[in-house]
Amino acid sequence: MKRSRVPFFTTITVLVFFYLPLIVLSINSFNDSRYGGPWKGFTFRWYVRLFHDPQIWHALKNTLLIAVSATLVSMMIGTLAAFALHRYRSRLQMVHYGMIYSPLIVPDILMGMSLLLFFVALKVKLGLFTIFIAHVTFCLSYVTMVVLSRLQDFDFSLIEAAQDLGANGWTAFRRILLPLIMPGIAAGGLLAFTLSLDDFVITFFVSGPGSTTLPIHIYSMMKHGAPAVINALSVILLLITFVLVSASRTMREKTE
Amino acid sequence: MTTAADKKNREWLITGPSLIWLLLFFVIPTLIVFAIAFKPSTPFGGIGAGWTLTTLFDLSNPNYPAIIWRTVWISLVSTIICLLLAVPCGYCIARARRRSRNILLMLVIVPFWTNFLIRIFAWKVLLHPEGLLKQALVFLHLCSPDATLLYNSAAVLLVIIYTYLPFAILPIYAAAEKFDYSLIEASRDLGATRFRSFTHVFLPGISRGVWTAALMVFIPALGAYVIPDIVGGPAGEMIGNKIAQRTFVDRNLPHASALAALLTLAVMIPLMITLVRNRLPETDHRKKGKRIVE
Chain A
40 MKRSRVPFFT
50 TITVLVFFYL
60 PLIVLSINSF
70 NDSRYGGPWK
80 GFTFRWYVRL
90 FHDPQIWHAL
100 KNTLLIAVSA
110 TLVSMMIGTL
120 AAFALHRYRS
130 RLQMVHYGMI
140 YSPLIVPDIL
150 MGMSLLLFFV
160 ALKVKLGLFT
170 IFIAHVTFCL
180 SYVTMVVLSR
190 LQDFDFSLIE
200 AAQDLGANGW
210 TAFRRILLPL
220 IMPGIAAGGL
230 LAFTLSLDDF
240 VITFFVSGPG
250 STTLPIHIYS
260 MMKHGAPAVI
270 NALSVILLLI
280 TFVLVSASRT
290 MREKTE
Chain B
8 MTTAADKKNR
18 EWLITGPSLI
28 WLLLFFVIPT
38 LIVFAIAFKP
48 STPFGGIGAG
58 WTLTTLFDLS
68 NPNYPAIIWR
78 TVWISLVSTI
88 ICLLLAVPCG
98 YCIARARRRS
108 RNILLMLVIV
118 PFWTNFLIRI
128 FAWKVLLHPE
138 GLLKQALVFL
148 HLCSPDATLL
158 YNSAAVLLVI
168 IYTYLPFAIL
178 PIYAAAEKFD
188 YSLIEASRDL
198 GATRFRSFTH
208 VFLPGISRGV
218 WTAALMVFIP
228 ALGAYVIPDI
238 VGGPAGEMIG
248 NKIAQRTFVD
258 RNLPHASALA
268 ALLTLAVMIP
278 LMITLVRNRL
288 PETDHRKKGK
298 RIVE
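Note that the protein sequences, when read in sequence, are chains A and B.
Reminder that position 124 of the first sequence reads as 163 in the numbering used here, one-by-one numbering, no gaps.
Reminder that position 268 of the second sequence reads as 275 in the numbering used here, one-by-one numbering, no gaps.
Keep in mind that the hints are not guaranteed to be accurate.
Unchecked claim - Beta-carbon label-pair distances, calculated as ranges: (1) B:I280 / A:D92: 43 to 49 Å; (2) B:R195 / A:L217: 55 to 61 Å; (3) A:F281 / B:S67: 34 to 40 Å; (4) B:T61 / A:G80: 57 to 63 Å; (5) A:T52 / B:P211: 23 to 29 Å.
No lab work stands behind these hints: they were computed from the structure.
Yeah, the Cβ is synthetic: ideal placement off N, Cα and C, and Gly gets one too.
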């Protein structure tokens, strides 16, 4: 039976649509023209300038500090939450599921705005600490969902087998369940880490003086000139994304 | 054997951390937004004492209906276009051979993980008066040299589609991958045209994925703020921009809250519908696991 060729051509068009802007951006990062107009010769100038910008390094330090701490905390709380949702089927878990699910859907601007008002109402000073709280809040739901889906695929007869062989509940959990769902927890953590690195909107609402993160710095560069330097920074971030995506795909294939 | 009370305690122990965290930093802040919408503002950018309805009356500002209307139509049109593109893409990826499927998936996931600001910036560069796209269009005589591609609603629509299309493709792919394609063959054998078996067999089969995809585009589009801020200009403003302006520029937090409360209500409706539709599935292992662990 002949299949329609529409899906194939649509997919090709969509992929060109996805990558064309990124390719133009990458080529422009080596363009000696300040505003990325016509080609004016090959240069590494923008990369050199990027590496000599102390503000970038400061922003990167803040970003990594928040991403690492928010990832660790959201991995711990999120994994517990996934266990709770998986094991119990009570009215409490229905409410719990609703609370975990909603932050995934609510637009960033609402989450940023509501946290800002919360911190203003409590007179908490805005800074790295408030950004950390906000990041854990949105990462938590993603980690829970990733770990939960892994738990749903888990074969619980393995636990039964361990218990038949004399393991108590805790041993079975620690020696069988935890190692087997560890890749799921790691995948959740990787997602949390990337989301935290990338977040602009929520961070923008709850950041204070001196707590500039990399996305906030990129935004101010976008608003106030320096387009060529952003091109160079974008290429570096794109390369990091490629590495992270490949790492997470490998991790997934290992568990399947 | 554990008693019922022990079991309940243990449930609270592992539910507690996330429940308390989200109650404190998600539920209460959302309620505060609604409360502050009824508070007066002070000239120093603070929140006044007492309760008032003036902020709500301020929402009848003559600029708002146009902005709300623009927010809704941009969100609806971008959702429809994303679905029209995502259904064939999801189908194509699901039907590809294993190797090419992995490559295609990877190609869709990379933009999904790429920094959001960079993707918007890439379009700003392309649409810029000196940018490649503008010059190509002028060269092909498709637009006049003094036309502006940036700073209008069309630019906002384009970049919203670009940003959220991967979010639409992935759930549709997930549904299309599980679909039983022998059903299509059966319907064709029974005399259905290709188009009819697509609309009457395939689409209903992946409806859950289509529904998720629509929400993944529609809701973030309603709350879009950075995209209209960067490529929209004053002609492409959406509600998100007004919330940010009231917060950062005028420092009128009650007014910003009233707008945010309006947006929250707009988002609640589709959210509630999904919660009811996509309830946590009860799987066999779950029941088994529950029996074993207890």
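Within 57 to 63 Å or not, the Cβ separation of B:T61 and A:G80?
-> 60 Å, holds
Could you check the hint for me, namely that A:F281 and B:S67 are 34 to 40 Å apart, CB to CB?
-> For A:F281 and B:S67 the Cβ distance comes to about 50 Å; the hint is violated.
Does 23 to 29 Å hold as the CB distance between A:T52 and B:P211, or does it fail?
-> 26 Å, holds
Satisfaction of the hinted span 55 to 61 Å by the C-beta atoms belonging to B:R195 and A:L217 = Violated - the Cβ-Cβ distance for B:R195 and A:L217, about 49 Å, lies outside 55 to 61 Å.
Just tell me: holds or violated, for the beta carbon distance of B:I280 and A:D92 against 43 to 49 Å?
-> The hint (43 to 49 Å, Cβ to Cβ) holds, given that B:I280 and A:D92 are roughly 47 Å apart.
Comparing the model with each numbered hint stated earlier shows that hints 2 and 3 do not hold.
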